[in-house]
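**Student:** Sequence:
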Amino acid sequence: MEKIKNKVKGMKRKTYSKVVDLRSRKIRKKRRILLPLTVLFLCLAVLCILGYARDDIYIAKESTVKEIISSEAVIVKNEKVINAPAEGKLELLVKAGQRVRVNAPLFKVVADVDKKQVLEKEMDELRMKLENVKKAWPLEKDSRLQSEAAAEVIEKSIELQEKKLQEIESTVFSPMAGMVSFNIDGYENLLVPDKISCLDYEDIEDIKDNGGNRIFPEIVKVNQAVLKIVDNLSLNIVTQWNGESLKLGWKYILKFPQLGFEVKAELKELSESRKTAVFSAKEVPFELLDERKVPVEIVARAYKGIGVPVSAIINDNGQEGVLLFFDGRLIFKPVKVVARDDKIAIVEGVKLGDRVIVKRGLIWSLLGRT
1 MEKIKNKVKG
11 MKRKTYSKVV
21 DLRSRKIRKK
31 RRILLPLTVL
41 FLCLAVLCIL
51 GYARDDIYIA
61 KESTVKEIIS
71 SEAVIVKNEK
81 VINAPAEGKL
91 ELLVKAGQRV
101 RVNAPLFKVV
111 ADVDKKQVLE
121 KEMDELRMKL
131 ENVKKAWPLE
141 KDSRLQSEAA
151 AEVIEKSIEL
161 QEKKLQEIES
171 TVFSPMAGMV
181 SFNIDGYENL
191 LVPDKISCLD
201 YEDIEDIKDN
211 GGNRIFPEIV
221 KVNQAVLKIV
231 DNLSLNIVTQ
241 WNGESLKLGW
251 KYILKFPQLG
261 FEVKAELKEL
271 SESRKTAVFS
281 AKEVPFELLD
291 ERKVPVEIVA
301 RAYKGIGVPV
311 SAIINDNGQE
321 GVLLFFDGRL
331 IFKPVKVVAR
341 DDKIAIVEGV
351 KLGDRVIVKR
361 GLIWSLLGRT
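Using full-length UniProt numbering, read the sequence shown as starting at 1 and increasing by one per residue.
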């Protein structure tokens, strides 16, 4: 019995020793996995902290802040509406935006399309006949005289057909040089350069922008407006003015954000009673060819100097300033704000290259600032 008991005890000891070994292996395996992950996490955390801290420092540099006046602009151009001289089928000879000279053909109005086709066919046949006569020009004097007489008869027939064609087809020519526009909005005789001085802000508010693609009818009536010619060397822009700092005779940049371009124009007139400002430019950009009323941004003034983020400016006991990171220390530096927009402020009191603390992130939180 004692021998049996000893064998059982030995088996228990052996089994217990195996369990201990398995647990140790699992612990060592977990450590091998967790240790690299922990190191990787700590490295990422350090990199994030360093990056976040670096974003808190702004290097002072040369910047520009623009003083913007937002308004609605009414476009006034020197333009001439061209009407159809007769009723008939419209045949355009120009495209929108095309520049034309004086007496350039613009469009045709055909009163009788079928008759025109017959006349054109007959004229083509006569021209072909005339060409054949000239090709077979004889050398003998008598035969040549007969051929010349025949050619003269054909030429007179062609002239007669051309007159008949002119009676049923009217060609309209441009009365002035400029650009072609098909956008006729009804303000052509109201918004003219000579009447700008009579406009006030209430008139501007009532003006509607009727721009857009126009569908041409196949048949036009007598005196129906077809297109207009816009003088591309004369542009007037009327905006609202509420006493902002603008000077007569100065040239300003006018930005048109919806159209994605800008134009340089001279301030010609300011009216306190009418609350309007009138700008003049020497050329009509293609983007404004069909525009009548559009949002505008007037760059009233541009300030250049040392710029810092607006979020870096703090107020310490009534004194505006910034915190500079210098030689491992934070120093409060009083500044004078010359101009600012939503993001950048032009200041006096800071030098190029100064390291300015921005009001956000880790460093600011550690300082207990808000």
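Be a bit skeptical, because a hint or two may be false.
In silico lysine-lysine, PhoX-like type, Cα no more than 20 Å apart, as pairs [what the hints assert, rightly or not]: (1) Lys135 / Lys89; (2) Lys228 / Lys251; (3) Lys116 / Lys89; (4) Lys108 / Lys129; (5) Lys304 / Lys268; (6) Lys221 / Lys208; (7) Lys61 / Lys351; (8) Lys255 / Lys268; (9) Lys163 / Lys116; (10) Lys282 / Lys264; (11) Lys208 / Lys195; (12) Lys95 / Lys108; (13) Lys251 / Lys80; (14) Lys208 / Lys108; (15) Lys61 / Lys108; (16) Lys336 / Lys351.
Calculated from the structure, these hints are not laboratory results.
**Student:** Which of the listed hints are broken here?
**Tutor:** 1, 2, 4, 5, 6, 13, 14 and 15
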